[in-house]
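Asker: Use these hints to put chain F onto chain B, whose structure you have.
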Amino acid sequence: MLTAIDMERFNAALAPSAAALESMNAKISVRDFDFFYGSAKVLHGITLDIPDRQVTALIGPSGCGKSTFIRSINRMNDIIPNARAKGTISIDGRAIYSSDTDVVSLRRRVGMVFQRSNPFPKSIYDNIAYGLRIGGMRNRRELNNVVERSLIRAALWDEVKDRLNESAFALSGGQQQRLCIARALAVDPEVLLMDEPASALDPIATTKIEELIWDLKVNYTIVIVTHNMQQAARVSDRTAFFMLGRLVEYADTKTIFMNPKEKMTEDYVTGRFG
Amino acid sequence: MSKAWRRKIISAIAEGFCAIAVLLALIPLAMILFYVVKQGFTSLNWAFFTQMPKPVGEAGGGMANAIVGTLILIAIAALLAVPIGCICGIHLAEYPTSKFSSIVRFAADVLNGVPSIVVGMFAYIIAVLPVKRFSAFAGGLALAVLMLPTVVRTTEELLRLVPAGLREGALALGATRTSAVFTVIVPAALPGILTGVLVALARVAGETAPLLFTAFGNRFWSISLRQPIASLTQQVYLYANSAYDDWHRQAWAGAFLLVMIILTLSIIARLSVRRLERMNRP
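So the sequences go chain by chain: B and F.
Per this note's numbering, the very first residue in the first sequence carries number 1; after that it's consecutive.
Per this note's numbering, the very first residue in the second sequence carries number 1; after that it's consecutive.
FYI, nobody ran anything at the bench for these hints, they're computed from the structure.
All residues carry an ideal CB built from backbone N, CA and C; glycine is no exception.
Wrong hints could be hidden among the right ones.
To give a feel for the contact side, a few chain F residues facing chain B, derived at Cβ under 8 angstroms [to be verified]:
1) Gly113
2) Glu157
3) Leu161
4) Gly165
5) Leu171
6) Leu173
7) Thr176
8) Ala240
9) Ala243
Selected chain F positions facing chain B (Cβ under 8 angstroms, derived; list incomplete) [stated by the list, open to error]:
10) Gly169
11) Ala175
12) Ser179
13) Thr183
14) Pro187
15) Ala188
Pulled out of the complex, with its shape left as it was, chain B reads as follows (with noise of 0.2 angstroms):
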C-alpha cells in the first residue's frame, strides 16, 4: 500500500521540474551566445529558451541587441562584413550556427518580416510566389493554392483577391506589411520572426497586424521585437529584456510586466527610461 506521502513523492518524481518542462518544449533554445560587428561585442552571452507555438517578444530600449539577436535566429547577420557569432543557437535541438547548417534551408524554415516593409517591385502574386518559385516550384496550379492560402493566412485575401496581378506597391503600407507576412508564410516555416513589424504603421494597421500574430501562434513559433510595450504586453506569451546587449530578464509577459524580479526591468516597462 502506498500511502498518501508516498503517492506525493512519486508524483514529483515523474513529473518534470519546471526548467526542464520548458527546455523540453523549447523551439529554439540559445545558449551562451555573442556576437560582434568587428571588433565591437553587442550581444554578451545570452541564454533563453524560445517555446513552441507561442509568442516571444524582445523589448528594451534602442541599440540594445534585440535586432541583432532576432536576425541571428536566421543568420540575416551573416551578409554584414566582419560580423561574427560565438556560442550556439539551436532549433529543433540543431545547432544553426554549425559548418553543416545550410543556411538557404535555415532561412526557409525561419521566416522574417522586416521593419520597413519591402515588397518586391512585382505584382502581388508574384510577391507571395517568389519563395517557391526559387525553390523551383512551376506547377502553376500548386502556386495558385499556396498564394491564395498565404493570403487567407495573413487576412489579406479579400482585399486583393480581385487584384493579383497588380502592383504590390498599389497596396497601402499596412497592406504591404500584411503582404510580406503572407510571403513569408507561403514558404511554410516553422519560425516566424518579425522585427518591428508595426512600427511604421498606423493604429488601425498595428491592430490588424496584432491580431493576425494572434492567429498565427497556432501555427508558428512568433519572435517579435517591438518597441512599443503595450504591444509586447498584448500580443506576447513570453518576454525578454534586453539591455546593453545583455539579456536582463525573460519570464512570463504577465510576470515581466506585472512582477518583474529586476530593478531595471521594471523601470523600463513603467516607462522610467527608454
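Answerer: Just chain F, lined up with the frame of chain B:
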C-alpha cells in the same frame, strides 16, 4: 544704407549673374537646334529616307544606306557593350570594396576620358589591320568601347540605389545571393539600366571620328558586317564639306535626323527614369 537693403541688393546682383550665365549656356543649344531644325526640316523629303546617294553632280537622291548603316552600327555596339557592361556593373555593385572592383572602376573612368579618335585607332588595330579590310564590325566595336564605361557605371550606380530591404527580403525567403541578384535586385533596377544604355547609345550614335578608319563609309548599299558601311555622321561630314548645294541640303537633313534620333533616345531615357523613381518610392 541699412543692412537689409545691402543684403537685398547683393542678392539681386547675384541672381542677375546666375540668370545671365544660364542664358549664355542655353544660347548655343537654342541656336544649334534652331538652325538644324530650320535648315534640316525643310530639306527632308521622302527620297532622303528611301533613295541612295546619287553620283557626284547629279541632284536628288538620299541617305537610305547611311540611315540603315547608323542603325546597324549602334546595334553592333549595343550587342557588344551591353552584356559585358552590365555584368561588370553587377560585379562592382555586389563587391563594391574589393581591390579588383576599384581597379575596374578606375579603368572605366579612364576609358570614359579617352578621346574617341584614339578608340577608333584601337579598333583599327585590332579589327581592321588583321583582316586588311574596313568593316561595319570594326565600326561597331569602336562604338562599343566608347559606350562601355557609361554602361558599366550606370549599371553599378542604379543597382546600388535598389533598397537594401529588397535583398534582405529575398535572402530571408531562402534565396541565394545569386538568385537574389538576378530575380529581385537586377529586375528592380532594370528600367534605370536600360536608361543608361539608351543614353550611351545616344552618345555614340553621334560619333564620327572613330568611324573614319573603321566603318570607313560606303556610297553603296551594304548591310554586311564584313564590308565598309555608311553612317549618318560620316555622310553629313562628307556632304557638308562638298561644293554642291544639294549635298549641303542633304547634310542639313542628315544632321536633323541625327539630332532627332538622339533626342528620342534621351526622352525615352528620361521617361524610364521617372518610372523607376516612382517604383522605388512605395
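Asker: Work down the list of hints and note, for each, if the structure agrees.
Answerer: Tested hints:
1. Gly113: violated, 32 angstroms
2. Glu157: violated, 18 angstroms
3. Leu161: violated, 12 angstroms
4. Gly165: The hint holds - Gly165/F has a Cβ within 8 angstroms of chain B, the shortest such distance being about 4 angstroms.
5. Leu171: Because about 7 angstroms separates Leu171/F from the closest Cβ in chain B, which is inside the 8 angstroms limit, the hint holds.
6. Leu173: holds, 4 angstroms
7. Thr176: At 6 angstroms from the nearest chain B Cβ, Thr176/F passes the 8 angstroms test, so the hint holds.
8. Ala240: Status violated, d = 47 angstroms.
9. Ala243: With a minimum Cβ separation of about 57 angstroms from chain B (threshold 8 angstroms), the hint on Ala243/F is violated.
10. Gly169: holds, 4 angstroms
11. Ala175: At about 5 angstroms, which falls below the 8 angstroms cut-off, the nearest Cβ of chain B leaves the hint on Ala175/F intact, so it holds.
12. Ser179: holds, 5 angstroms
13. Thr183: Hint holds; Thr183/F Cβ to chain B Cβ min 6 angstroms, cut 8 angstroms.
14. Pro187: With a closest approach of 7 angstroms, the Pro187/F hint holds.
15. Ala188: holds, 5 angstroms
Of the numbered hints stated above, those contradicted by the structure are hints 1, 2, 3, 8, 9, listed in ascending order.
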